[in-house]
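The listed protein sequences correspond, in order, to chains A and B. Residue numbers for the first sequence follow my numbering, so the first one is 191 and each next one is one higher. Residue numbers for the second sequence follow my numbering, so the first one is 4 and each next one is one higher.
The hints are simulated quantities; they were obtained by calculation from the structure and are not laboratory data. The structure displayed is predicted, hence computed values, not measured ones. Treat the hints with caution; some may be incorrect.
[Unchecked claim] Interface residues of chain B toward chain A, partial, derived using beta-carbon atoms under 7 angstroms:
no. : residue
1   : T57
2   : K64
3   : V80
4   : S149
5   : G236
6   : P240
7   : K254
8   : S255
9   : G256
10  : H257
11  : M258
12  : Q260
Note that CB positions come from ideal geometry on N, CA and C, so glycine has one too.
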Amino acid sequence: MFLVFILAGMLFSCQKKEKVNILKIGLPEEPKSLNVWLGTDTNSRKILSQIYQPLFTRDPKTLEIIPWLAKENPVFDKEKLTYTVKLREAKWSDGSEFTSEDVLFTKKIFFDFKIPRHYSQWKAIKKLVTIDKHTLVFYLEKPSAIFLSRVLTAPIVSKKEWGKIAADALKSEKPLRYLQNHSPEKHLGTGPFTLFEYRKGAYLHMKRNPHFFGTGKTIANHLLGPYVDSLLFKIYGTNDIAMLALKKGDIDMYWWDIQPGYIKDLKNDSNIQLFFNKKSALYYMGFNLRKPPFNDKALRQAIATAIDKEFILTRILQNYGTPMHSIVPSGNIFWSNPNVRKYGEGLIPYSHIKEAYKILKDAGYTWEIEPWDVAGNIVEAKGLKLPSGILMDKFVILTPPADYDPKRAFSGVMIQEWLRKLGMQAFARPMAFNSLLETVKGKHNFDAFILGYGGLNLDPDYLRTFFLSENDKPNGWNMSGYKNPFFDKLAQQQKSIVDDKERRKVIWEMQKILMEDVPYIPLYNPHIIEAVSKKEFKGWVEQVNGIGSIWSLCVVKPKN
Amino acid sequence: MAKNHYLERFQKGWKIFILNPLGKTGIILLIIFMLMAISSFFIPLLDPMYDPMTGIDPLIKESMPPSFQHWLGTDNVGRDLFAQLMEGAKVAFIVGLASAFVSIVLGTIIGMISGYVGGITDRILMRAADIIMIMPSLVVLLILASLFGQFNIWIIVFIIAIMRWPAVSRVIRSQALSLKSRPFIEASKVAGASDIRIIFRHILPNVLPLAFLYMTFRVTSAILVEAALSFLGFGDPSQVSWGMMLQWVWKSGHMFQAPYWLLPPGICISLLTLSFYLLGRAMDEVLDPRLRKEEERK
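Just chain A, same shape as in the assembly (with noise of 0.2 angstroms):
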């Protein structure tokens, strides 16, 4: 009796084995949040964007905007300025229908709560109008270029789930903050899964959604599935750790960006498939303009000058990334103007300095040595002097930690020996990374920074957002406190040309004058790579910003 219990249960398990699908994903950190308002770190939008779908979304292959839960292309009318949109025949995860209802009451919580990121792009919108359950106007002030890109790509929450929360948010003191600590019990998505369990500290559960739309459907020429039953996501807190479980077999993907120091272990294991992929991204160091010596541009040009970028590209990088040139990724190649001055490009690695010296002696600097002696040869540099005759101060430039991100610590450290060949007293200091955003973005308290956006939109209006006038204020973007009236022109009217290559126009030459006057100097654009396991699943889909994406997740199929 008791051995037919056994067996029976032995069976009975293998069969269950047999017909659950789990993907085990190893995130880095824990989310930070699973409130949709709050959660907008990296770890926490991993798990959001497979529960709250946008109208529209970029194609993995093309990049271009295609409809998602919209059924088609807006339609946009040039002379009233609207923009037409047809939402697909789409069920929450509870079964509820996803109507023109649920666009209108996304729209109304931005307003009403003036959500951070969603609402300086729907303020666009005048005026949004249902025309029937599946049918949306939006009526613009003005004609704007970003309107698909940034503001049709907000995700979209249910009535359902928010309407009672928002209502009691907005009787309460601070709507906002009592709306983002909510934490939901159930998550009603549109999207390929929906959260199951989440122990924190442990792992987080996802199931399939049976409701999701697009399964079924070939989108962006992927036939969507998902075809796997659940998603097991396991925190863990070292990179070491994770690829020890990755060729171990305990999870089937690693969902962060790895070191390079790890592939030659992992190119060895027969088992492990590594997807090298280039990364929207911008790293970059900035100055403070605000005050002396920086405001000074010729000091800014020795310094893009005197970096070599190609050190950094190298062994920084050790060849996993491309050089950047102009604040547009080079990648971006519509947007990116090839033909901005670069600094450094192709000197040898004594040439940076003498170059950079050539222009802060053109520009009236002195020394009291000089990085070169009579006889041409190097010598070490000290006390470099302002064209007005006083001593250059010691300056910071102020870095992420190594542990937060090894390879803007380290090229702060080489870019700080680089400027002290010069004469310059410079000091690269890693800082906590919030102190450090807090310092720079808040209190401007600063000479000068290395930072880095990781998930750069591919639209271009981050150069009006980076280096607007209107946006140097305490936390705003524009960190360097750069002004220029010409500039701030170009920024705001290349917002409303809805010509794509008319408006390149007035992005090119926004990047040329950038690059004269360098606030920021761009340094890298790293590639982004990632290791799964080839034991159990295949097909994942790679893209800019790497394989970690909803389409591998709707794509991914058991080997078996």
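Once you've looked at the hints, dock chain B against the given chain A.
Just chain B, lined up with the frame of chain A:
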């Protein structure tokens, strides 16, 4: 006369010390590390590529195992690991000795004053010591570092020193308490000596050996704290140290790929702290109260 007395005492102590196998091993290890630290001044002179921080072998673009040119190999940027290891020895000595010295000076002075003066001063100082003593220094340093950003190496030295004086001051205080009631102190008082003179002229020489003993233990802990701090990413990034080397090997993803990079700094940290510990143990034997009593009787 007095000098001769101290010399005699030192010679006797040294005899006991050097006969002790622990002391001997400690001294030998320490000499090796001292030579390493000294050599760090000369290595970069051979070629700029041997500078531990900025020297880069132009021909190497990834971490390489040991070779004739790079005895311990190179890191991922092409810097010589041997040069970094030597530099690390120098930094370990600076951090260890400097913070131990500062904490001993603080601990001794506070301990003597507390023990000799007594009363409310004693109570205030010892409660302050208690408060600091219960604080885990590494955690405090980590919190401070994440609040104020990275510290440079001298601030780290100073904070370690500040965190580590209370234990010393407690021991010195108890010693001072027992000395206070000795007849020779009474005699000085009767002769009209001031408190400061009594503390520094009569009590200090008697507690000094004990302070030195504690210094060896403080060195060990200071080196470990600095290494841990650097390893966790809160050290001084513009200064090569063993902890920093470990952090680089970890963060660059070479932990399991480059044992020639991972092991040397780890072994050095263990051996250097061991050498100071052995030194302390041997000194402990020299300063054993029973031995001193015999000596005094003579």
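Exercise for the section: Identify whether the interface hint at S149 of chain B stands, where standing means a beta carbon of chain A within less than 7 angstroms of its own. Expected result: Result: holds, 5 angstroms to nearest chain A Cβ.
Exercise for the section: Report holds or violated for the interface hint on S255 of chain B, using the least CB-CB distance to chain A and a cut-off of 7 angstroms. Expected result: holds, 4 angstroms
Practice task
Let me know if the C-beta of Q260 of chain B comes in closer than 7 angstroms to any C-beta of chain A, holds or violated.
Solution key: The hint holds - Q260 of chain B has a Cβ within 7 angstroms of chain A, the shortest such distance being about 5 angstroms.
Exercise for the section: Answer holds if the nearest beta-carbon of chain A is closer than 7 angstroms to that of T57 of chain B; otherwise answer violated. Expected result: holds, 5 angstroms
Handout entry: Interface hint outcome for H257 of chain B [beta carbon to chain A under 7 angstroms]
Key = holds, 4 angstroms
Exercise for the section: Verify the interface restraint on P240 of chain B: the C-beta must sit less than 7 angstroms from at least one C-beta of chain A. Expected result: Status holds, d = 5 angstroms.
Practice task
For the hint on K254 of chain B, just tell me whether its beta-carbon gets within less than 7 angstroms of chain A.
Solution key: Holds, about 4 angstroms.
Exercise for the section: Grab the minimum C-beta distance from G236 of chain B to chain A and call the hint holds if it beats 7 angstroms, violated otherwise. Expected result: holds, 4 angstroms
Exercise for the section: With a cut-off of 7 angstroms on the beta carbons, see whether K64 of chain B makes it to chain A. Expected result: Nearest chain A Cβ about 6 angstroms off; hint holds.
Practice task
With chain A as the partner, please determine if G256 of chain B meets the hint condition of a C-beta pair closer than 7 angstroms.
Solution key: holds, 3 angstroms
Handout entry: chain A contact restraint on V80 of chain B - CB to CB distance below 7 angstroms
Key = holds, 4 angstroms
Practice task
Report holds or violated for the interface hint on M258 of chain B, using the least CB-CB distance to chain A and a cut-off of 7 angstroms.
Solution key: Holds. Min distance 5 angstroms.
The structure fails none of the hints (numbered hints given earlier).
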